[in-house]
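Spelled out, the chains give:
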Amino acid sequence: MQLKFYKITIVLLTITCLQVSAKSLSQQITLSQKRSPIIKVFDEIKKQTGYRFWYEDKLIARSKPVDISVENASLEQVLELVFRNQPFTYEIIGKVIALKEKTERAESINAPPAPEQDKRITGVVKDTLGNPIPGVSYSIKGTRMGGATDANGRFSITVPDNNAILVFSSVGFQSREISAGSGTVLDVILTASATGLSDVVVTALGIKRNRASLGYAISTIRGEELTKAGATMNPFLALYGKASGVGVNVGAAGPQGGIRINIRGAASMNPDQNTRPLFVVDGVILADRRTSIGGNVGAGFDYGAGINDINAADIESIEILKGAKATVLYGSDAANGVVLITTKSGRNTRGFGMTGSYQYTVEQPANYLKLQNTYGLGANIYDTAYATINGQRTRVVPNYRYNFGPEFDGADVMMYDSSFVKNMAHPDNYRDLFQTGFSSTANVAIAGSNEKGALRASYTNYYYKDIISDNSWQKRNTFSFNGSIKASELATFEVVSNIYNVSSQNRRGMNSQSIAWGFPRDYSFDKVWTLYTDELGYKRDLSNMGVPQAVNELGTYLWELEKNRYRDEKVHFITSAKVTLNFTKYLFLVGQAGLDYDNTTYKSEKSVDRILPAIAGGSFSAAKENTTVQTYQALLNFDKNLAGEDLHLYAFAGGIYRLRSSEYLGSSTVGGLTYPDWYSFANEAGTLSADNLSQVRNYNRGSDVLYSAVASATLSWRNELYLELQGRQDWNSTLPPENNSYFYPGASITWNYTERFSIPKMNRGQVRFAWADVGNGTTRYFANNLYSFNRLPGTDAVSVQPPGNILPGALKPERKREFEIGINNTFFRNNRIVLDVSYYRNNIYDQIMNLAISPTSGSNALKINAGNVRNWGLEVAITGTPVVTKDLRWDITVNSARQGSKVIKLYPGITQNFLYNLINGSAAAVRADQGKPYGQIVMNDYQRDDAGNRVVNENGIYILNSQSYIDVANIMPRFYGGILSDLHYRSFDFRIGLDFKSGGTVFSYTNNRMFGLGQLENTLQYRDEEHGGLAYYIDANNRKIPWQHNQPAPADAVGGRVYHDGVILPGVKKDANDKYVQNDIIASASDYYLSYVNDLASSFPPDGLHKNNYVKVREVALAYTLPRALTERLRLQKATISLAGRNLFYIYKSIPNIDSESALGADVYVENTVYPGQRTYSLGVTVAF
Amino acid sequence: MKKVLLLIIIAVTTVSSCKKDLEDRYYNPDQLRGGTSDIVPGLFTQLLTTNKIFVQDYGEWFYLLSGGTSITGYEQVCNRYISYRYDWFSTYNDLTTGNGFDDYPITGQSYFESSYTRLKNWETIKEEMDKRSGQDKTDAELYFKLATLIKVYQAAKLVDLFNSIPYSDAFQGSSGGTEHYFPAYDDPKAIYQSVIADLGELVNTLEASYNQLSEVGKSTFRAQDVAFKGDIIKWVAFANATRLKLLVRISGVEEAYAKPLITEALGKPLPTTDLTWQLWYTIDPTGGGFWLRGLYETTYAAFVPGIIMKRMNYGASTYDEGEDDPRLPVLALPTKYNDYRAISYNIDEQTPIYDGGDRYYPYADDIRSSLEQNAKSMYNHATFQQNAQMPIYMFSLAELDLLKAEIALKGLGATGKTAGEHIRDAVSHSVDFWYWLNQLSVYERGTADAVLYPAKPSAGVISGWADKVGARFDAAAGADGKMEILMQQKYIHLNLLHPYELWAELRRTRHPKLEPFTWRGNVWKPMPERVRYPTSEQSANPDNFRAVADQNNLTSHIFWVPRCLTHGGALLERL
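Residue numbers (our numbering), protein chains in the order written: chain A, 7 to 1191; chain B, 758 to 1332.
Don't take each hint at face value.
Covered stretches of chain B, as calculated for chain A (at least 3 residues, CB under 8 Å) [as the list claims (entries may be wrong)]:
| hint | stretch |
| --- | --- |
| 1 | 760–773 |
| 2 | 816–823 |
| 3 | 833–844 |
| 4 | 921–934 |
| 5 | 1040–1049 |
| 6 | 1089–1101 |
| 7 | 1122–1135 |
Hints were generated in silico from the structure; no laboratory data involved. Predicted, not measured: the structure shown is a model, and the values here were computed from it. Virtual Cβ for every residue (Gly too), placed ideally from N, Cα, C.
Given these sequences and hints, build the entire structure.
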C-alpha cells in the first residue's frame, strides 16, 4: 500500500515539475514592419502573444525605428530582433515585457569580443577526507551566476575567462575562492569548520549572512544532525544538547505531547506570558502554545503545538537566535529567542535526484520505578486478611491502602472472584500496564535544479503506536514542496508549502490518582486487567468488588484508555511565497507572504458506562479549532561596496504585518447517550437547558495584530570589522491604543582580529559585542479591563461581572535590555579546534505581569508593569577533531550553558511575588521575590531547635513549622548542555550523543506518594531487623516500648506482639520541662513514611523535592554507507543503513524512580503521572538515486 | 500633483485603518466595555446568582460527598455505606495531617477566595455609585445596600468556617494601597459585631431606599431581583433573620451584647413565608453546573445516617403515619426491604452486614433498581438528586422557629411563645416545606409516585407529630436535653439543603450527639472544628497570614464556641 502511494506521488510530482520546466516562450509570431515606430511593433506583439510592454516614456523617446520581417518566430527571436539596435533592453516578468536601461555588461555586447571565449568548467567538491560534498554553493565572484553541487559533489559552470574567480561555500565548511585557470576540470577541497567563521547562516527574517559578520551567537543545527540517530516524530526531540543555552524537555505526554524549548532560561513573572521562543519555518511565523497534560485544550490532553508536525526529513537546518540583538528584527514576537527552520529545497541537487528512506522504530517503555516486593498490603505485619466464607475462615488477598502489611509468604489466598492464588509479589504489575510500541516512517523526496531554479517535493508517511495502548496512536502524512525559479535577472520567485495531515487518538491523560494509590504488588494485573469491565463489557462498579482503591483507580484509567476514543484530526498548512526583485545590482526588493494554517477537529466518543438496568453515561463531543498566523513583509535591500572594495554597506528597510487569529467552537451531548456505541448529537439523551448551555455552545475566539517597520544597516571594513545597527518600530494590538507603539534598537560590533594580527596556531580570532533593547506586548486581551455580560435566559434580567484583576492604569510594553560579548576562535590546521563563547546579561524590566495580591482584596492580582529581573549566562561551544587520518576522523562537540537570575525590583511597597503553587493544595510555592533568583521554591521547613536539629512530635515523627518559610530549591536549571562524538571510519559513522542538566528542582508526586504508601524500594529501610528496624512492643497505653527482636513479647504487650519496624529518627524532642533533648521515641516505619502521603496536606516535607540533575546517553547511532561499487551496480547514488538508539539510559540521575523528563508539560517542575520513560531503537535505510 | 494627492489619501487611509485595526483587536470582542450601559443592576444580579453564596456549588458537592470524609460525612448528614472495603476510613480519627478529615471541598474549591472575589461586584457597584449624583445615584444605592447585605452574609459564613478572616480592609483592592492589596486578618468577634451592626442598618433603611427609586429604577429592580422579584420586605426580613441567627450564634460567648439586640431584632420584620426562590431555568441535575449534579454524581455517598433517620423513624423500620415523622418518606427512599434503614458509623458492625450481601444501586438514574437493590435508605431522588425545580434556599420559617425556640429556651429574648411551642411550629413548618419542595419535582412522575411523591398527611397528623416532638422537647432533661432535640430538628429540617449551617450549629452547641466511628476495634469521636485557609493566602498574603498561621489547623475553635465546651472534659462528654 505504501509503495503504491510512493509511485503515485512520484508520478504526480514529476508531472508538476515537467509542467513548470516546459514553460517556454514558444508563441508563433509573424511580423513584417519597415521603419516602424517601436510602439507599433509592441502593439502587434501584444496582439499576437498577449504579452504587454511596460516602459518609461523617456526610454521610448530614445528608440530607433524598427525593421523586422519574421514568420512563425518565437517571442525570444522577435524580441532579439526588435531590441537589437535599441539603446535599451528588456526583461520578461510574467506576461509583462519590461523595458530597462542597458547595463554596462549589456552594452559590452557591442564591444569587441573578449580575448578568450566562455568555457565550461566541471569538477567535484570534496572534503578533506575525499568525500564528495553535495549542496556546495558555487558562483563566479561578483556575479550571481552559479549553482549548487549535486549529490556527488559535482558542479558545472560556464566562466567568461580564465581569470574568473569561483567561490565555493557550504554550511559547515570554510568557503574557498579559486581562480578558474586554463583547465576545464577543477577539483575543489573544502575544509570543515563546524562552527567556522566563514559559513553562511540564516539570520532574522530569513536573511542569509556570513557568520563572520555576526555580532551575536547563533546556533546552527544541520538537518542531518537531527536524523543521524534516527528520525524522531518531530525534529525537536533530537535537539537535546545540540545548541548551548537551549533547553529541551519532552514531558510525560511523550513524543506526541508538547515539547518545552527554553532559550537562555526565558521566564516571566506573568505565568500566562509566553516564554517559548518564536518558531519560524521558511519565513512563516508559526502559531504556538504552551501545553500540558490536564491543560485546557480540546479534551484536556497535551496536544503539543504546531511545531510537533514539522518533519525532520524535510529540514535543511535549524538556526537558533538566542539574544536580544539577534532577534531585534522579529520584534515583540521574539522576546524569548527564535527558532528558524529552513526546509530543504532542490538547490543542492543538480539535475534530478531522488531519495527514499524507511525507518522502523521500536518504542520501548523505560521503567525507572523501583518498588519493593517484600511486603504486601496492610497497616502492619500482623494484618493478614481473612474473611468468613461459608462459615470458614479463609485467607484473602488484602484490601488496604498502604503497603506495610505482612511479608509475602506464598500461602494460598482467595481473590475477589473466589479463585485461589499464591500470596506473592507480582513484580511486573506496573510494567504490565504498558506495551512496546513502534513507529514507522517512510519518506520519498525528489529534487532538481538548473540555472533557472530548483524544486523539491517530498512525501512522508508516519505511523506511531504509543506504549500505553493499541488504542493510542498517531498517523501522519506530510507533503512538502519547495520551488524557486529565477524568472529573469530581475525577478526570482520561491514557493514553499508544507501540508500536514495528522490524526491522533487517545493521547496520554492525567492519571495522578494511580500515583496517589499505587500499584499494590499483591495483585497481578492480568487478574485485574479484565476487571474494569463487567460481563457485558461495560463499566464495572469496582467499589463493590472488595478490591483496593488502587485497583479501582486503575480500572478508571483502563476504561478511559480502552473504551473511550479521544481523537484529534488536523490539517496543518505552512506555506510561503517569496519574490525577489533585483532592481539594480545594489538594490533589490524581497516581498514575502506566509501563512500558518491549522484546522483541528477534536472528537470525543465516550462509551456509555452501563446498559442495565438502563443505559447511562456516554457522551459525544466535537470541537473545531482554527488557528492562523499570516505574515506579510516587504524589505528593500541595498548591498554595495563603498570607497573601493574595502568598505561595504548592506542595508535594508521595510514593513511587516503579522496577524494571529484563532477560533474554537465546540459542543457536547448533554445527559448521556440514548443508545450505546452510536456517537452523534442525534443520540443525545438529555435536554438542552440554560443549565447546560455552556456544554452545548462553547465558543471563543481572538486575534492580535502586529504592524512593524524595520531597518538595518551593516557597515563592514574588509573582513575585519563589522558594525551593525538595527531598529524596529512595532504597533501591537495586545497593548492599549495609547501605548501600543514602541521602538527598539540594537547594535553590534564584530572584530575579526586575526585579519590584522597573525597569531600562531590560530586561524581566526573574533570578538563580538552586541546590545539591544527590545520590547514586547503581552498575551491577547490581557491588558483589557472588560466586563462579562449575559442575559438570563427567559427573563428581563442581565448579569454583569467585573474583571477578576485590577488594572491600575494603561499598560506599557515590557522591555528587555541585553548585552552580549563573545569570541569565536579557530585553532590549528584545518581548524581542528573551534571555540565559541558568549556571555550575556539582560534586564527584563517593566514586565507586564499579574502581581498576585490576596484574593481577599476582591481581586486576584494587579495587572501592572513592574519588576526588573536580571538574567545572565555563559555559553560555550567547543568543537574539536582529535583524530584525522586517511580513514578515520573523530569529531567531538561540547555545548554547555550556565545561567542565573535575580529579581532586582518588584513594585513599590511589594517585595514578594507569588508565581504558582508548586503542587495543588500545598503551601509550597514558586516565587520571584525581590533580591532572590527567579523561581525559588519556598516551603515550610521542619520544626528545628536552635542548633538546627529537627524536632519530633510525641509520636517520634518530624513536624513542619507552619510559620517558617524557607527557600528550598529553584525550578530553573543552572547548567546544561550536551556532548556529541562522531567517529567516521571508512564507510562507518558512529555517533554517541550525551546531554546533561544540573539544577531545576522537581516535585515528584510519584516519589512522595509512593514513599508514603510504602511501595518504593527505599521504604524497606527500618521495616525489619535486616533493614535497621528496631524491636518494640505496644503497651496498654498505646506506647511503643523498646524490645529485643528475638525475644517473645512481655505480658503487657498488646496482642502479645513484637514489632520489628521501629525507628528513632535523628533529632530532638521536647522533654517535660519544654527543653529540647535527644529524641528517643520509637516510631513505626509506617508512621514515618505515612507523613509523606497526606492527601490533603497543606505542606509537604521539604526533602520531598528532588534536584533534577542528570547525564543521559541520548543517542547512539551506527551508519554504514554501501561501497560505491555496489551502489553503482544497483544504479544508486548512495545507500546507507543505520541502526540507532535514543533515550537509552542515564549515566547519572539525581531523581529516583522516575524519568528525569516526566514533568507534566509546561510546568517542568511537577511530576504527577504514571507514565514510564521511553526508549527507542530504530533501523533505517536511505537510498539516493 | 494628482498622483501626490492620491498618495497622501492612500497613506492617510492606510494609517487610520491600521490604527483602527489595532484598536479593534485590542478589545476582547466577547466582553462588555464599561460606559456602554448601566452595569449596576447587572452587577447585583450576577452577585445574587453566583455560586457559593446562595446557590450551592457543583464542585463543592462532588468533593463533599465523594470520599465521605468531609463535612457532610463527619457531621453525619449523609455518607457512603462504609465497610472495611474503603480502607481510607482507617485514618478517620486523623485531624492533623489531612488524611482523615477532608476539607478539600472548601480549600480546594476556592470557597474562601471566591467569597471575596465574587464580591468584587460590591466594590464595583460602589465605585459606579460614587461617580454618580442625583436620582442616578439614588437608583444605584439600593443595589449597593443589597450587595452589602450579601457581603456581610458571606463574611459571617466565612467566620463560621475559618474563624479569623480579613474583613475591614478586605473587598477594596481597587481603591489601592498595600493594606487593601494585602488585607490584615480581623478578630472574628469584631467581624461578627460589625456584620450585626451593618445588618441592623440595612433592616432600618432598605425599604426607604427602595421607595426612593425612580419608576424606571423600580421596574428594573423588579426584573433584576430574580430572588424576590422586587419585594423589598422579603429582603428586610432576610436581613433581620440573618441578624437574629448571628446574634444567637454569638450569644454563647457574648450574651450581654447579644440579648438587647435579639430583642431589637424580634421587633423588626421577620420572614412570614419560607424565603426561597427559583432559578430562571430548569435545572439539569445530571449535567449542569448546579449543586445537585454533585449530589447526583456521588449518589453512592448520599445515604441517610442514623443520627437523622432514628429521629424520624420510631418503632418498626417502615414508615407508619402518626408514629413516624411525616418528613421521612419525602426525605428518604425506602430500601429493598420496603422499609427505611440508616447507615451506621459503627463500621465493625456494619461490615459483616455488607459482606453478607447487603448491596445497593449506587446511582440515582433508575428508581426501580434503587428500590430493588438498596439495602439502606438514600435521600429521596425526587426531592434531591433529580429535582429540576430545586429552589434556592435563603431562610425558612422552621429555621426561624428553631432560633426562637433557642432564644426562648435560654431566655435571650421575649419571643411571645414558649420554646416548646416554637418547636411545634418548626415541625409543622418544616413538614409543609418538605412536602412543598418534594412536589416541585417531576422526576419519574407516574412511575413510583408512592415512594417518590408520598401524599402529604392531613393537617391533623402533622400537628399531632408536632405535638409529639414538642412534648418530647418539653419533657427533655435540662437545657442540654432540650438542645439535643432542638438540634435534631435542625438536622432533619436543613439536612442536605444547608450542611454548612448545620456544621456551625453542631460545633457551637455540640448537638445532636453523633454516633461514634468504630473501625477495626477502635472507637473514635473526631470533631473537626474548622477548615484550613487556602494556600493562596499563605502564598499571596504571607505577612498577614503569619498572624493566624498557628490556628491554621482542623482543631482550633471558632470564637463562638462557648468556653464551657472548649475546655476540660465537656468536649469528650458530648457524645
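Structure-based check of all given hints:
1. Taking a C-beta to C-beta cut-off of 8 Å, the stretch 760–773 of chain B contributes 0 residues in contact with chain A, too few for the three needed, and the coverage statement is violated.
2. Residues of the stretch 816–823 of chain B lying with their CB closer than 8 Å to a CB of chain A number 0, which falls below the three-residue condition for coverage.
3. Residue count for the stretch 833–844 of chain B with a Cβ under 8 Å from a Cβ of chain A: 4. That meets the three needed, and the coverage hint holds.
4. Residue count for the stretch 921–934 of chain B with a Cβ under 8 Å from a Cβ of chain A: 8. That meets the three needed, and the coverage hint holds.
5. With 7 residues having a Cβ less than 8 Å from any Cβ of chain A, the stretch 1040–1049 of chain B passes the three-residue criterion, so the hint holds.
6. Restraint check on the stretch 1089–1101 of chain B versus chain A: 0 residues with Cβ-Cβ distances below 8 Å, three needed, restraint violated.
7. Residue count for the stretch 1122–1135 of chain B with a Cβ under 8 Å from a Cβ of chain A: 4. That meets the three needed, and the coverage hint holds.
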